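> Sequence:
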Amino acid sequence: MRWLAICALLLFLPLARAAPNPACPNSPLVVAYYDFGVAYHQGKGYDPDIIRELARRLGCPIQSEADFPRPRVLKLLEIGQADIGASTTITPERQRYLWLLPYHHSKNLVLLHRGVQANTLQDLLKLPQLRWGVIRGYRHSPAEDKLLDELTQQRKIVVASNEDDLYHMVCTGVVTAVFGHPISFDPWLQSHQASQQVTVRDFFPDSEIIAAGIALSKARFSQESAALWNAELQRMYRDGSLRAIMRRYLSEPSVEQSLKQPLD
Numbered sequence: 243m244r245w246l247a248i249c250a251l252l253l254f255l256p257l258a259r260a261a262p263n264p265a266c267p268n269s270p271l272v273v274a275y276y277d278f279g280v281a282y283h284q285g286k287g288y289d290p291d292i293i294r295e296l297a298r299r300l301g302c303p304i305q306s307e308a309d310f311p312r313p314r315v316l317k318l319l320e321i322g323q324a325d326i327g328a329s330t331t332i333t334p335e336r337q338r339y340l341w342l343l344p345y346h347h348s349k350n351l352v353l354l355h356r357g358v359q360a361n362t363l364q365d366l367l368k369l370p371q372l373r374w375g376v377i378r379g380y381r382h383s384p385a386e387d388k389l390l391d392e393l394t395q396q397r398k399i400v401v402a403s404n405e406d407d408l409y410h411m412v413c414t415g416v417v418t419a420v421f422g423h424p425i426s427f428d429p430w431l432q433s434h435q436a437s438q439q440v441t442v443r444d445f446f447p448d449s450e451i452i453a454a455g456i457a458l459s460k461a462r463f464s465q466e467s468a469a470l471w472n473a474e475l476q477r478m479y480r481d482g483s484l485r486a487i488m489r490r491y492l493s494e495p496s497v498e499q500s501l502k503q504p505l506d
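Residues in the sequence shown are numbered from 243 upward in steps of one, following this note's numbering.
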């Protein structure tokens, strides 16, 4: 009888070891990025570093990582063909199909082509040749999105394919103005030696600071699984590893600005 009990225990042990990891989907992770300054560009940036570290800590293997246009990333996450995205602005609509875990905060500023004489937003909007560059699918504060909707109706919007295209357009004068985050345009301007080509203004001083989130597809992650990812992200914030990763790509002032608010 004792021998039978031992055999039964030995048979059970492999099954116990094979118990699914509650933090992971039922297959290795598919990660979808989009081009966003030093957050992600050509396979490098703080977004892949953060997601890889989270996956390592949680024991979830990564199967593939690729980049797509921003609207395509959101669609892949919505239908469950991608598991995780990053640098995703938190909106009620996106929360319908994504678990969004805040990991840094930022605010849009306005970049003007050099030589543009505008000390206020009202001055800027009076310019007869005003053209505003945007990237399709990006979301801003309610006041900023309202402005862009109005400019769209006035046919004063020029669509850029990505941030590299957007900043090239404002530096060369193809457009008069664009919105941009310091964590994106600061490194770009430095790497292209283009800081003298633009003037940076805060024309929306009362606009809220925007939270960016790690995006987990609700088609692939349960609420309990998402809570485990969020708890690990909070640990990375507290132990300084989140700051250390972002400091690889950003100046200390930019990192301080992006992480000064608690993640929750």
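Just so you know, these hints were derived from the structure itself, not from any lab.
Among the hints, a few may not be true.
[Stated by the list, open to error] Quick list of the computed label-pair ranges, beta carbon to beta carbon:
1) 394 <-> 473: 24 to 30 Å
2) 285 <-> 397: 20 to 26 Å
3) 396 <-> 361: 20 to 26 Å
4) 284 <-> 369: 34 to 40 Å
[Said to hold, decoys possible] With a straight-line Cα cutoff of 25 Å, these simulated BS3-like cross-link-like pairs (lysine-lysine) come out:
5) 502 <-> 349
6) 388 <-> 349
7) 317 <-> 388
8) 388 <-> 368
9) 286 <-> 317
10) 398 <-> 388
11) 317 <-> 368
12) 368 <-> 398
13) 502 <-> 317
14) 286 <-> 349
In this text, all values refer to a predicted model and were calculated from it rather than measured experimentally.
We treat Cβ as the ideally placed atom computed from N, Cα and C, and that holds for glycine.
> Measure nothing beyond the straight line between the CA atoms of residue 317 and residue 368; if it is 25 Å or shorter, mark the hint as holding.
Distance ~37 Å between residue 317 and residue 368 Cα, so the pair is violated.
> Is residue 388 close enough to residue 368, meaning Cα to Cα at most 25 Å?
Since the Cα atoms of residue 388 and residue 368 sit roughly 17 Å apart, the hinted pair holds (cutoff 25 Å).
> Look at the Cβ atoms of residue 394 and residue 473 and judge whether their distance stays inside 24 to 30 Å.
This hint is violated: roughly 41 Å between Cβ atoms.
> Taking the Cβ atom of residue 396 and the Cβ atom of residue 361, is their distance within the range 20 to 26 Å?
holds (22 Å)
> Honestly, do residue 284 and residue 369 meet the 34 to 40 Å range at C-beta?
This hint holds: roughly 35 Å between Cβ atoms.
> Run the distance test for residue 286 versus residue 349: straight-line Cα separation, threshold 25 Å.
holds (23 Å)
> Between residue 502 and residue 317, does the CA-CA distance stay at or below 25 Å?
Roughly 31 Å separates the two Cα atoms, so the pair is violated.
> Would you mind confirming whether the straight-line C-alpha gap from residue 317 to residue 388 stays at or under 25 Å?
Within the cut-off at roughly 24 Å; holds.
> With a cut-off of 25 Å on the C-alpha distance, tell me whether residue 286 and residue 317 pass.
With Cα atoms ~22 Å apart, residue 286 and residue 317 stay inside 25 Å; holds.
> Check the hint pairing residue 388 with residue 349 against an upper bound of 25 Å on the C-alpha distance.
holds (16 Å)
> For the pair we were handed, residue 502 and residue 349, check the Cα-Cα distance against 25 Å.
The hint holds at about 13 Å.
> Holds or violated: residue 368 with residue 398, Cα cutoff 25 Å?
holds (12 Å)
Consistency note: the structure conflicts with the earlier hints numbered 1, 2, 11, 13.
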